[in-house]
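Engineer: Chain by chain, the residues run as shown.
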Amino acid sequence: MGDIFVLAEHREGELREVTLEMLTLAGQLGGNVVCVLLGSGVDDYASKVAGYSDKVIYIDDPIFANFNAMAYQAALSELIKSEKPSVTLIGNTGQGVDIIGSLAVELEVPFTTDAVAVTLEGDKPVVTRQYYGGKINGNINFKDADTYIIGVREAAIPAGEGGKSGEVAKTANPVTAEITARKFLEYVEAAVGDVDITQSTLLVSIGRGIREDKNMPMVEELAQLMGADISGSRAVVDAGWLPTDRQVGISGKTVKPKLYLALGISGAFQHVTGMKGSDLVVAINKDPDAPIFQYADYGIVDDLLKVVPALIDKLKEMKG
Amino acid sequence: MNIVVCVKQVPDTSDPDTEVHIDGTGRGVDQSKFSFVINDADNYAVEEAILLKEKHGGEVTVVNIGGEAANQVIRMALAKGGDGAVRLDDESFVYSDVVATARLLKSAIKDLGCDLVLTGCMASDDGYGAVGIALAQMLEVPHAAYVKTVEVVDDKKLKVGRELEGGLLEMNEIEMPCLLAIQTGGNEPRYASFKGIREASKKEIKVMDLAATGLSADEVGESGSVAVMTQYSVPEVGDLAEMIEGDPAETSAKLANILKEKGLV
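Protein sequences appear in the order of chains P and S. With our numbering, the residue at position 219 of the first sequence is 219, and numbering never jumps. Basically our numbering = 1-based index in the second sequence + 320.
Take these hints with a grain of salt, some might be off.
[Stated by the list, open to error] Ranges between beta-carbon positions, derived for each pair: (1) P:E221 with S:K574: 19 to 27 angstroms; (2) P:E108 with S:G404: 29 to 37 angstroms; (3) P:G41 with S:A537: 37 to 45 angstroms; (4) P:E221 with S:K375: 40 to 48 angstroms; (5) P:D213 with S:E471: 23 to 31 angstroms; (6) S:K353 with P:G41: 30 to 38 angstroms; (7) S:A389 with P:K81: 37 to 45 angstroms.
Think of the hints as simulated: they come from the structure by calculation, not from any bench. Built from N, CA and C at the ideal position, the CB exists for glycine as well.
Model the full assembly from the supplied sequences, consistent with the hints where possible.
Structural biologist: And the structure:
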């Protein structure tokens, strides 16, 4: 096993946690852990990732102040060609997904995305991925090659303590050509609405199992009885039944209420990532195999359209 | 503006009644009880294509890899405003990975002379989220992933918003021709009109087999792939929730009591 490249990910002045998760994974695989840090004036990130790496390749260039897929791909491509790592790990994130497929095709390197586990068979990585919204797993068999590129799911592998102290090698950007076909302009923050669900004590959260927006009044009645706020999955927000700022999950909010009552939410990882820190999770779902039951303290396998009206009656009774 | 939109037909796993079971080969799932729909993100890509066509003119070509059954999702995209379609269909295409899939799409798209290629950002069944980005590289055009907003700057440039974690939009300017992988939720996919559906039945769906793609057998399917899923398995399940049993009257009563005991209601 030679070098394992890990691409550091940062955004708006923050080194993202997925970087440390991938460095931890690389350490577990047993190769020489090389963190590739593309940034502008981010020496503090370099020292941080050095604690998890045997070596840090740090390219300090204003073009990397903000993420630009074309600039990233150009630099990574040159580094992989010159340094010949055995494996390159890239976060399967909004940034990573924007380069993994194109970089791998450019280099003609076998690759896959969204790994939840990576092991080695000899020097060859074996990747486990999820299919059908996390209902089944599948193993990826790579074609034999000298190097592989793997997109690693965020929050799938916990970051360790580090305990390394790699040297930081400041390197000149191997790419000097100007990038003109794509330009970063600015970040636009997500809209903020009337309720901040990250501060809610009780959340009634709805998913596709709600089926039609005519069932919304029932949910609103339940939430009102409980004194809870309403949140939901991406599907419900996409359908326009809830505003964007009520979305729980990777591309929405991370919530930590005392109670998270998940109604008709299957529990795909994109959602679970945003709610698994809740104190008490209760899930009602028709599908006994729904992944949400793995994250719930209490579960009811039934149609929420039958259970919720009964629950409303019970709560009304209790209140007298 | 001439636009290609790639659509995939997938099992409707959003239906809570759809159960997923591994079949006897270990490489597929039992599809006998599935209903099939257009992939969710692709549906938003189709809408984006039609919105751009309505505003800026041009033609929309729908491209799909699939058997005759996939005509259903192609016809629906045509009914909404697509002008023509290509369906890549050959036994040798089975088990194509991301790279082989992108290669097939390229064979259908490369001679269409389009300004913009749209794909969904991810398929709901296998979830690779990489075909569009790989395809862009093969077509040698710039790309953007997870695109939620598209604005035409002028006839050479677009302004696109990419949705990142936490809902942050990363705004970019991108030159055409280019490829955008479209995220869900950025528009409101329309329903096809009866008139549209009638007209779609007359539009041509060109079918391309292996010979028509100009590719060799070892460039498609498993032999043309670099990362093949070889074995499905049932995930190890962590500690499950404590299940509350009974009919709705019983389960709701038990749940109400639990919530009360914990001081939550």
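Engineer: Take the hints in turn and mark each one as holding or not.
Structural biologist: Here's how the hints hold up against the structure:
1. P:E221 with S:K574: 19 to 27 angstroms: holds (20 angstroms)
2. P:E108 with S:G404: 29 to 37 angstroms: Holds, since E108 (chain P) and G404 (chain S) (Cβ atoms, about 32 angstroms apart) stay within the stated range.
3. P:G41 with S:A537: 37 to 45 angstroms: At 52 angstroms between Cβs, range violated.
4. P:E221 with S:K375: 40 to 48 angstroms: holds (42 angstroms)
5. P:D213 with S:E471: 23 to 31 angstroms: holds (29 angstroms)
6. S:K353 with P:G41: 30 to 38 angstroms: violated (56 angstroms)
7. S:A389 with P:K81: 37 to 45 angstroms: holds (43 angstroms)
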